[in-house]
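A.B. asks: For reference, the chains in residue letters:
2 protein chains.
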Amino acid sequence: MARTWTQTRPNRPGRAFRKVRTDHAAETAQDYVEAVSDIVHRNGVCRVKDLSEHMGVSHVTVSRIVARLLDEQLVETEPYRPIRLTARGEQLAAASRRRHDIVFRFLLSLGVPGHEAGPDAEGIEHHVGDATLHRMAEHVAGCEETGAAR
Amino acid sequence: MARTWTQTRPNRPGRAFRKVRTDHAAETAQDYVEAVSDIVHRNGVCRVKDLSEHMGVSHVTVSRIVARLLDEQLVETEPYRPIRLTARGEQLAAASRRRHDIVFRFLLSLGVPGHEAGPDAEGIEHHVGDATLHRMAEHVAGCEETGAAR
DNA sequence: ACTCCAATGTAGCACAAGCTACCTTCCAGT
DNA sequence: ACTGGAAGGTAGCTTGTGCTACATTGGAGT
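So the sequences go chain by chain: A and B. Those letters in the first sequence? Residues 6 to 155, by our numbering. Those letters in the second sequence? Residues 6 to 155, by our numbering.
Rather than coming from a laboratory, the hints here were simulated on the basis of the structure. This one's a predicted model, so the numbers in the text were calculated from it and none came from an experiment. A hint or two may mislead.
Residues from chain B shown here face chain A by an in silico Cβ test under 7 Å; the list is partial [what the hints assert, rightly or not]:
(1) LEU115
(2) VAL117
(3) GLY134
(4) ALA136
Beta carbons: idealized from backbone N, C-alpha and C, even for Gly.
Please build the complete structure, drawing on both the sequences and the hints.
C.D. replies: This is the structure:
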């Protein structure tokens, strides 16, 4: 096996590992903002219920997270009213969706079947750095140039 | 505003959402078990201190997580003593490392520079399904056949 | 205009993972 | 043999995300 222990597991304290709790909150924000964007485009409005179904969690969880997005000025809403994205929220949603699309299409171009590429892209998208994303985009472009997937 | 679409709309293909986030504890277990394995191979023994440096968190966080791994019989240890993997722990570590290696080498074969491939692989490895992993392995094999990683 | 119920909000619990502050243990060097 | 400092354990707080149970709201339909 081509890998030695110290090569890929540098003892650089912490840098290679995420700070789980902190990062996760940011990922969640992105996921929700992206979901709001999707739902608004599809349904016209986005309600707590829509989000709770989309994310597969209870409405309680959703409304707490929406409250945080409100604090962060990513969404605006009032009690019992639909949820809209602010300009900042739209920006974040667009960036997230772009990233997601690249990862998703990259997986397809790799030959991963669509039913697995979707969930995998959801999980992966938050963990690809700029260089990796760029390489993925190039790979997708290369494949689409020379024909269908692979 | 008449919302007549109160029934659930299934997610569109390609937007299937990530599962419950309680899988997260399992990811942590894998990361720690892999780290213990790495450290034992490198240093001979693995201490709480080594883990806290490796993971970039305080020793308190480490010892709480180690206690959980103990419950799950993935490691064995005693107070103030080094941490060893059980047979189950070794198994899990081996599986995790295999997965990690494939993702890491795949990123390299894509042309991602090593200093970014490491952290990205850490994040990505837990979100790669079997089909994706298989495709990645094939891609790596293909690249190593036709020459070095670009 | 009222009423009923789905949607939403609130209270309060669990648990993971982060921290600081403080206490205990072990062992290396005298 | 002693002891001081590093390693590790414990207490207790914070935040994030999940839940159930219960209270409130608003709008659809009578």
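A.B. asks: Does each hint hold? Answer for all of them.
C.D. replies: These are the hints, each one checked on the structure:
Annotation: LEU115(B) was flagged as interfacial toward chain A, and the flag holds, the nearest CB pair being 5 Å apart, inside 7 Å. With a cut of 7 Å, the hint placing VAL117(B) at the interface with chain A holds, because the nearest CB-to-CB distance is about 5 Å. Interface restraint check: GLY134(B) against chain A, minimum CB-CB distance 5 Å, threshold 7 Å, status holds. Given hint, ALA136(B) at the interface with chain A, holds; its Cβ is 5 Å from that chain's nearest Cβ, closer than 7 Å.
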